[in-house]
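In this text, residue positions in the sequence shown follow the numbering used here: the first is 68, and each later residue adds one.
Hints listed in this document are in silico derivations from the structure and should not be mistaken for laboratory results. No residue lacks a Cβ here, since even glycine has one placed at the ideal position from N, Cα and C. Just so you know, not all the hints are guaranteed correct.
Stated by the list, open to error - Computed Cβ-Cβ distance ranges for the label pairs, DEER-style:
no., residue 1, residue 2, range
1, R361, F114, 55 to 63 Å
2, R277, V191, 39 to 47 Å
3, M345, V137, 43 to 51 Å
What the hints assert, rightly or not - List of simulated lysine-lysine pairs, DSS-like, C-alpha gap at most 25 Å:
no., residue 1, residue 2
4, K241, K273
5, K380, K273
6, K380, K440
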Amino acid sequence: MPDSEQKDQSDFLSEKIKVKPVNKKKLLRKTIITAAMAVIFGLIACFTFLILEPVFNNWLYPEEEPPLVVFPEDQEEMSPEEMLAENIPTESPSPEPEQEGVVLEDEQIQEILAEVTLDLENYVELYSALSAYVNRMNRYMVTVTAVTSNVDWFQNVQESRSLSSGVIIYNTGKELLILADFSFLISAEQLLLTFYNGTIVEAQLKQMDRETGLAVLSVDLMDMPEEFIEDEFPVVPFGSSNGMNLVGTPVVALGSPMGISNSMGYGMITSSSGTLCMTDRNYRQLQTDICGSRDASGMLFNLKGQMLGVIMKSPTDSDMANVIAAYSISDLQNMVQKMSNASPVAYMGITGGDVPREAHQQFGVPYGAYVEKVAMDSPAMRAGIQRGDVITGMNDTAISSYRLYSNALLEMVPDDAVEVVVMRQVQQGEYSEMSFHIELGEGN
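From just these sequences and the hints, can you work out the full model?
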């Protein structure tokens, strides 16, 4: 009986567990939803990271602004009269005993000169010294190669290369700046620089001045070979081309003065009075007696290791088309500094010059920037500036010459509003002051 009761109790307590069937459709739907949510979450996370990463990166590792490129101001050379005036004492010195001067007769001078003999060795020494000087100056020079790809009739890609000359003008610590003639290289797809030691690196165009055809190129120092970075980069010093006694100065033309890369020429400056009138600025022209190529490019150096000018293309209508001429570096310096900082250039649109002293004295023309031509549809024309006006002020800056006008304009940026004061002739010998509000445009 107990066994029977125990068996009944065990039968009563026994339980059979039935496995619930799997709903495959519902499981697949949940899996797809989970995967989709994971993908959406990942995309949102990636997008958020891309947006916020530069913000956090700049916050944690702020990027330093590139240093401002500033060239030393050009110091005009003093004339002999000014030097003499500075040396005149304010008080009369105590009289000194007169010394009898030695006066040489012409015959004595000829006898002294006759004792000085120059032979072939002296000639060789002279040119050896010039050759050594050229080798030293070539460390500043850079050959610029413009690479352009063309497709012929048979769809074959052909690569063409054009050469120009440049010079190292600045080292910011992050990049190297090169001033070059860019008129041959405007359509370049790639710019390669070859330095004096054969190093070749790719350069980027920083800014170009279409009036002169010059440009500033930049090379990241991180792209330079390590052995080249260890060397101190030779940065060319600017000389003064504003001196009164430039005519007769011995000069050396380097770069491609003969139309061939790494060519050179010796000579002297024969004229410095020519002026190249361009929109909003003028440049003095340094003429030499060096015979070169119509397609010349390069730099003009004195024998003190200083650059005096940038070789310009010879005008085709000149009777001296094969004679090397250069832009005065003193006149170019402010524009080169502007291009080196990749700063936009303000544009007003006038061509002119200085008022001669004779015109001021005889006809009463006020000193200032004389307007000879106003560019069509320029900010100056839209404001009402006319040919014959004399600009005497810009904002709070007095303008007494065209050079001051150009320098004041280079201090401004496009879209600046400027108050321009002009003197306009109302009748013979009489001028009336007028003021114009001009919104500047962008040049280059």
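These are the hints, each one checked on the structure:
1. R361 to F114: 55 to 63 Å: With Cβ atoms ~58 Å apart, the hint holds.
2. R277 to V191: 39 to 47 Å: Holds, since R277 and V191 (Cβ atoms, about 46 Å apart) stay within the stated range.
3. M345 to V137: 43 to 51 Å: Cβ of M345 to Cβ of V137: about 24 Å, so the range 43 to 51 Å is violated.
4. K241 to K273: 14 Å, holds
5. K380 to K273: Between K380 and K273 the Cα gap is close to 22 Å, so the pair holds against 25 Å.
6. K380 to K440: 24 Å, holds
The structure shown violates just one earlier hint, number 3.
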